[in-house]
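J.: Listed below are the residues making up each chain.
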Amino acid sequence: MSGTKQYTDFYDNVRDTLFARSCDVMNAQRQAALDRFRWLGFPDRKSERYKYTDVGLDFEPDYGIALTALTDELPSHCYRIGSAPVDVTPYYNTIADHNDAVVCLNTMLSVDTLLVHIPRNTRPQHPIQISNILKGTNDTMVNRRLLIILDEGAQADIIITDRAVNDSRFLTNQVIEAFAGENSNLNIYEIEETHLLCTRYSNIYIHQDRNASVRHTSLSLFNGHTRNTCTVRLAGEGAEVSLNGCVIADKMQHVDNNTRIEHLVPHCTSNELYKYILDDSAVGAFAGIVYVSEGAQKTSSSMTNANLCATDSARMYTQPMLEIYADDVKCSHGSTVGQLGDDALFYMMQRGIGIDEARLLLKSAFITEVIETIPLQPLRDRLHFQVDKRLRGELSKCEGCKLCK
Amino acid sequence: MLKIRNLHASINGKEILKGVNLTIQDGQIHAIMGTNGAGKSTLSNVIVGNPLYRVTQGEITFNGQNLLELKPDERANMGIFMSFQQPVEIPGVSMTNFMRAAVNARYKAQGREQLSAGDFLKLMREKRKIVELDTKLTSRSVNEGFSGGEKKRNEIFQMAMLEPEFCILDETDSGLDVDALRIVAEGFNKLRKPNTSAMVITHYVRLLDYLKPDVVSVMIDGRIVKTGDATLAEMIEHRGFDWIKEEVGL
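So the sequences go chain by chain: A and B.
What the first sequence shows, in the working numbering, is residues 1 to 405, in sequence order.
What the second sequence shows, in the working numbering, is residues 406 to 655, in sequence order.
Fair warning: there could be bad hints in the mix.
[Said to hold, decoys possible] Sample of chain B residues facing chain A (criterion: CB under 8 Å; computed from the structure):
hint : residue
1    : G424
2    : V453
3    : A481
4    : N482
5    : M487
6    : I495
7    : P496
8    : G497
9    : N502
10   : F503
11   : A507
12   : R511
13   : Q563
[To be verified] Listed next, the in silico DSSO-like pairs over lysine-lysine satisfying Cα-Cα at most 30 Å (straight line):
hint : chain 1 : residue 1 : chain 2 : residue 2
14   : B       : K527      : A       : K389
15   : B       : K534      : B       : K617
16   : B       : K650      : A       : K389
17   : B       : K527      : B       : K541
18   : B       : K476      : A       : K251
19   : A       : K389      : B       : K617
20   : B       : K423      : B       : K541
21   : B       : K527      : B       : K631
22   : B       : K617      : B       : K598
23   : A       : K389      : B       : K476
24   : B       : K598      : B       : K556
25   : B       : K595      : B       : K423
26   : B       : K598      : B       : K650
Treat the hints as calculated values from the structure; they're not laboratory data.
Please read all numbers here as calculations on a predicted model, not as lab measurements.
No residue lacks a Cβ here, since even glycine has one placed at the ideal position from N, Cα and C.
Can you make the complete structure from the sequences, with help from the hints?
T.: Okay, structure coming up:
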């Protein structure tokens, strides 16, 4: 298959290093992943889930591939998978999609996995922040793996940030598997503030047991090429999930969010809200599917994708989908693509506000709806500030970051 | 001072203003009355530069400056304010942020120093009281979920914040109950400085009882056809517009 050879060759070359630096639970999966990867090849645009992103093109450049393991000094509740306090075999690489070549590539090449484990009925004192900082003078590919396990009744807020400090080309291939046990409560926030030469692939898989409540918020504030996939399995009655996202893209930026929520049992709830602001020649895509399996009665689900295209050359592809095999459900889905309201612009200008400032206020207002869904107040305030800066075109590097003064 | 000469304007290719001549002196309250569809709102919108309307002929000057070559925000920053007939709801934009942007722009145009956050909030509190606008309304999004009356009060509140030199009240009395009307009108009177002038569009004498216009003009079919003093408004209230139409041969 095209484009895969450089990766399989690389794997053959570094196999011993990989096995030495990694641990049994990860190494046990590598050969199968390699076989699947070789057999599948990178998906082309004929494959439904990758209709709007050219995977082959993104993985074509010759990147140096990072093979660094995590440090042993990690904050509480965080572990290297090799030193996990629990048996991770029932979790690692069990819900990730083995039919996705990008995921298989990650399983093949990831050196380490960061495990976040929250024991039964506990909640860490502070939110856990995972900062991914891309650094290096050469073009680099990073395979990143995260495993999140919340035992029964556990709670956690996890903030994941993506930044790049050099203007090299970076390709990130991230896989996250998250298990939310009975009555657990998990909030994951992902914030990308990288640059135009960064390509990000992120595949998140979430499994929810009875009455588990999960919220995943994805914010693409600055990027190059981004493809985010989020797959949720509602496997226990009373489980509840919210997937929210906002995208601000201009220049030639590309953001493709793809979600799949599977209602496998009755009485589960899912809500989705994704908002995009596209300027210049940016391209946005949103494809979401809510799958309601046979017998998943009393499912309640809503999906909204609203988009603003500020120029004629910005393009948005939107595809909200429902697949329902139960007859007593309440499901709604909808999407809109529009421009800023002329009435509102004129009203603001009549009050003396210049056109640029008026547009900015309206764009910021449009995104506010997503930010306001975040329960964590300090994060919400911070994001309002960041969004405002982004819309003013001032977000060129990360604020207050020690690495880029 | 506002001067309008032979103003023609159209919307979607349809001519609405067919040669309006009007002068409003500093400190003057000028009421415009007229039949539905006569072009009163079009006139207001053209003065403030609503891009939906196209001026095909004529001129508007404000303090000697040609308004027609200015953008709506530039006109506003010269001190022209319109109380909208239908104020626009802007979900997600808070009244505070909206007003701060507007006040900053106005101060900048006047060469005044920007207000500190504290002084700005103090100013909001002060002006809010004049029109008896509820605190919870100023903490919400612009006009979102406001009743008709609250929206109109909010317009006068914004006027209070911006201290314009020339105000257009475009049917500010429509949709107001008697008490709200009194509050809005008295608020306007309190805010008015000796040189503030206004163009007041209304169908009812009720508002004019409070505002005491110096001049009343009647607009019919895109033109000002008759001008008089406050007694003209009362005559219209009693006798309607037909006698004026006959008088001018329309």
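J.: Now, for every hint given, state plainly whether the structure supports it.
T.: Hints and how they fare:
{"no.": "1", "hint": "G424", "result": "violated (25 Å)"}
{"no.": "2", "hint": "V453", "result": "holds (5 Å)"}
{"no.": "3", "hint": "A481", "result": "holds (4 Å)"}
{"no.": "4", "hint": "N482", "result": "holds (5 Å)"}
{"no.": "5", "hint": "M487", "result": "holds (6 Å)"}
{"no.": "6", "hint": "I495", "result": "holds (5 Å)"}
{"no.": "7", "hint": "P496", "result": "holds (7 Å)"}
{"no.": "8", "hint": "G497", "result": "holds (3 Å)"}
{"no.": "9", "hint": "N502", "result": "holds (7 Å)"}
{"no.": "10", "hint": "F503", "result": "holds (7 Å)"}
{"no.": "11", "hint": "A507", "result": "holds (4 Å)"}
{"no.": "12", "hint": "R511", "result": "holds (5 Å)"}
{"no.": "13", "hint": "Q563", "result": "holds (6 Å)"}
{"no.": "14", "hint": "K527/B <-> K389/A", "result": "holds (27 Å)"}
{"no.": "15", "hint": "K534/B <-> K617/B", "result": "holds (23 Å)"}
{"no.": "16", "hint": "K650/B <-> K389/A", "result": "violated (58 Å)"}
{"no.": "17", "hint": "K527/B <-> K541/B", "result": "holds (15 Å)"}
{"no.": "18", "hint": "K476/B <-> K251/A", "result": "holds (28 Å)"}
{"no.": "19", "hint": "K389/A <-> K617/B", "result": "violated (48 Å)"}
{"no.": "20", "hint": "K423/B <-> K541/B", "result": "violated (44 Å)"}
{"no.": "21", "hint": "K527/B <-> K631/B", "result": "violated (45 Å)"}
{"no.": "22", "hint": "K617/B <-> K598/B", "result": "holds (14 Å)"}
{"no.": "23", "hint": "K389/A <-> K476/B", "result": "holds (26 Å)"}
{"no.": "24", "hint": "K598/B <-> K556/B", "result": "holds (23 Å)"}
{"no.": "25", "hint": "K595/B <-> K423/B", "result": "violated (36 Å)"}
{"no.": "26", "hint": "K598/B <-> K650/B", "result": "violated (36 Å)"}
The structure does not agree with the numbered hints 1, 16, 19, 20, 21, 25 and 26 stated previously, though it agrees with the rest.
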